[in-house]
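Knowing the structure of chain V, use the given hints to seat chain R on it.
2 protein chains.
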Amino acid sequence: MNEFNWQIKNKAKNNNSRTGVISTPHGQIETPAFIFCATKATLKSINTYQAKENKTQIILSNTYHLMLQPGEDIIADHGGLHRFMNWKGPMLTDSGGFQIFSLGHGSVANEIKGNKNFKNKKSLTKINDEGAEFKSYLDGSSKLLTPEKSIQIQRKLGADLILVLDECTPYNVSKAYTAKSMDRSHSWAIRSINEFNSSNNYKPTYGSSGHQKLYGIIQGGVYEDLRDQSIEFNMSNDFFGIAIGGSLGSSKEEMYNVVKHTASKLGSKYPIHLLGIGDPIDIWTLVQYGIDTFDCVMPTRIARHGSALTKFDQKGKINIKNSVYKTDKNPLERDCKCTTCINYTKSYIHHLFKSNEILGLQLLSIHNLNFMNLMMKDIRNAIKNDTFEIYKKKWIP
Amino acid sequence: MNEFNWQIKNKAKNNNSRTGVISTPHGQIETPAFIFCATKATLKSINTYQAKENKTQIILSNTYHLMLQPGEDIIADHGGLHRFMNWKGPMLTDSGGFQIFSLGHGSVANEIKGNKNFKNKKSLTKINDEGAEFKSYLDGSSKLLTPEKSIQIQRKLGADLILVLDECTPYNVSKAYTAKSMDRSHSWAIRSINEFNSSNNYKPTYGSSGHQKLYGIIQGGVYEDLRDQSIEFNMSNDFFGIAIGGSLGSSKEEMYNVVKHTASKLGSKYPIHLLGIGDPIDIWTLVQYGIDTFDCVMPTRIARHGSALTKFDQKGKINIKNSVYKTDKNPLERDCKCTTCINYTKSYIHHLFKSNEILGLQLLSIHNLNFMNLMMKDIRNAIKNDTFEIYKKKWIP
Chain V
33 MNEFNWQIKN
43 KAKNNNSRTG
53 VISTPHGQIE
63 TPAFIFCATK
73 ATLKSINTYQ
83 AKENKTQIIL
93 SNTYHLMLQP
103 GEDIIADHGG
113 LHRFMNWKGP
123 MLTDSGGFQI
133 FSLGHGSVAN
143 EIKGNKNFKN
153 KKSLTKINDE
163 GAEFKSYLDG
173 SSKLLTPEKS
183 IQIQRKLGAD
193 LILVLDECTP
203 YNVSKAYTAK
213 SMDRSHSWAI
223 RSINEFNSSN
233 NYKPTYGSSG
243 HQKLYGIIQG
253 GVYEDLRDQS
263 IEFNMSNDFF
273 GIAIGGSLGS
283 SKEEMYNVVK
293 HTASKLGSKY
303 PIHLLGIGDP
313 IDIWTLVQYG
323 IDTFDCVMPT
333 RIARHGSALT
343 KFDQKGKINI
353 KNSVYKTDKN
363 PLERDCKCTT
373 CINYTKSYIH
383 HLFKSNEILG
393 LQLLSIHNLN
403 FMNLMMKDIR
413 NAIKNDTFEI
423 YKKKWIP
Chain R
33 MNEFNWQIKN
43 KAKNNNSRTG
53 VISTPHGQIE
63 TPAFIFCATK
73 ATLKSINTYQ
83 AKENKTQIIL
93 SNTYHLMLQP
103 GEDIIADHGG
113 LHRFMNWKGP
123 MLTDSGGFQI
133 FSLGHGSVAN
143 EIKGNKNFKN
153 KKSLTKINDE
163 GAEFKSYLDG
173 SSKLLTPEKS
183 IQIQRKLGAD
193 LILVLDECTP
203 YNVSKAYTAK
213 SMDRSHSWAI
223 RSINEFNSSN
233 NYKPTYGSSG
243 HQKLYGIIQG
253 GVYEDLRDQS
263 IEFNMSNDFF
273 GIAIGGSLGS
283 SKEEMYNVVK
293 HTASKLGSKY
303 PIHLLGIGDP
313 IDIWTLVQYG
323 IDTFDCVMPT
333 RIARHGSALT
343 KFDQKGKINI
353 KNSVYKTDKN
363 PLERDCKCTT
373 CINYTKSYIH
383 HLFKSNEILG
393 LQLLSIHNLN
403 FMNLMMKDIR
413 NAIKNDTFEI
423 YKKKWIP
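Going down the list, the protein sequences come from chains V and R. Going by my numbering, the first sequence opens with residue 33, and the numbers climb by one from there. Going by my numbering, the second sequence opens with residue 33, and the numbers climb by one from there.
Honestly, the hints are just simulated from the structure, not real lab data. Watch out, some of these pointers could steer you wrong.
Copies of one chain are not kept apart here, so a pair can be met inside one copy or by any two copies together.
Claimed, not checked - Straight-line alpha carbon distances no greater than 30 Å define the calculated DSS-like cross-link-like pairs of lysine-lysine that follow:
id	residue 1	residue 2
1	Lys358	Lys45
2	Lys358	Lys386
3	Lys284	Lys45
4	Lys386	Lys84
Chain V on its own, in the form it takes in the complex:
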């Protein structure tokens, strides 16, 4: 059995980027890495062996969705999420906080990216010091998620890497609220750690000891002094990894500043995860500040709407429904070896989307997933070889 470990392998000379290896009982993750969202224990149009075949290292599932459907006990009864969804590699689960926040405040993506046109929807949640109360989107029943409950559920799900429960603070609140929310998240983190430590012998997972490791989450919104407090808090506790959460500001610049500041203070001790960011341009920037892992629904979500990711020196993102692809007998990318590109043409995939045939969703999802995995591999190579700029311009403008 592999033990958990975090090791930095290479550091770039000209920026703070680094390659590393996160070892888990289910295998190793070479970083920087992209974590694909299998929200409800599925990558939607593709299955787990298709994901593996196309170089996926790690996936994540959502505590919030799975506690409601099918319920954590059914998954635990299978021996954990790995067995339930037949994913044999490393896996992460979030704590559920992010989704409760999303239901409470509207679009998560809008919020963490500080969209100013954002309109508040009627809140579905009550957040107090005890935990977060929300209504099930399935049957409207009231549920309470506490730090202890989140850890108990994540123990049953059995992912390798799990998160403390936090309040994902929105952008459009005062500094005072951000500070208060941060303090609450810190007290929830302590309760998460205590629950985690009291249950460290739980053994639900597939082909492993069932050991899990806990990530803390840095809060503090766009305020450097609050971020510093949160960094100090998190570093004074015994976390395996650290995620950067909360509001990342209202512009790319603000996001980059928050991440740069936070990651530089966290240094090399932890693998650093950035929650919910996955745009290729952002990734190429943010690895330079020391981010090791990213997650986002983007690659598979845009695939289901007909968008394929291609390298910048080809076309960048394309919409396969565009009539120019009707007769295009080339693969989505000319040099791509994904199981879509070696087997199907753009013309064929265009036909599938024009015919509303669901195979199209599968084929584009496979390609986008492989694209992200190859891009992350090139990022690792760029860091190893100290040729960041040369590699980068192949992938993004």
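Relative to chain V, chain R alone:
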């Protein structure tokens, strides 16, 4: 390159069933075999290598759908359907007649099975001696499909086995109309043969000479004397294979009688295809009359609605959405080696359907396709070993 050939390998002692091999430039089909419907050049939720992996021998696509979207020229430009959809095995296309009939008279399935509650919809077609006029379901434009045009399109699609254009006569018409329609189908068959013979050097297909073989279609409805005329007509022409088409009556008994009568007169000279019938119970009966190949949308269509085929000694057909499967950690079938059953539990697939996750459609489709392929293999074994009744009771009541 393999040449076309039809060879009978074994004949059962107690009935007219036989095993055989249809050789095509794209490989051999061991018969009796099931032909899966890739109507619009896709098996919908599964890709072609998943179909191959789960023992599929042959698929069929539809001239009617493909002439409208994407158009036969785009497919020909790829080098034919094999390349367009990346299917490297044997393939059949129908002539388009069946679908025009369907649009003209309502549900095809209702009609060929003689459903008495059937209500005529407004006809979308005009059928006359020249051909069939219909409105495109995409843009409402008028289209004319003639026997010559159907063969020209099928030449461009490049399937190994192609069909003459026929009028698929409905059940609810007089004997006089059935006779008139049969005569028209015969004259269309002659025109199909002439067009076929004049274009036998067309070479569009993937890894082969592009040679194709033509099937005739037996008409005559439920009338034995008309069926006899159509058998005589078809046998006097140079067809590679024969399909049994037209109305098969209003009851299983009537269908069985039509098929038994027709197949017994056709004998061993041709591979005999029965159009549009795929129920396991029907297949076990009809192979005993000498049917070699079947096609039907059923296995993949019911999968998309949550139904899995399982052997009779397990449960028969099950609906995975049923709450009894919520906690069922067994595969769909306990001894099944399909890529769904070796990887996923009923509980997981139940969860996917309850969550409206499209991976569920893929997983059930794979299982049902593998089920049909294994059942056909057992039918072949039953014929070889003359143990029809022993094998049969494993699969159907």
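Going down the list of hints, with the structure as the test:
no.	hint	result
1	Lys358 x Lys45	neither (46 Å within a copy, 54 Å between copies)
2	Lys358 x Lys386	within (9 Å within a copy, 36 Å between copies)
3	Lys284 x Lys45	within (25 Å within a copy, 78 Å between copies)
4	Lys386 x Lys84	both (29 Å within a copy, 25 Å between copies)
Hint violations for this structure: number 1 only, all remaining hints satisfied.
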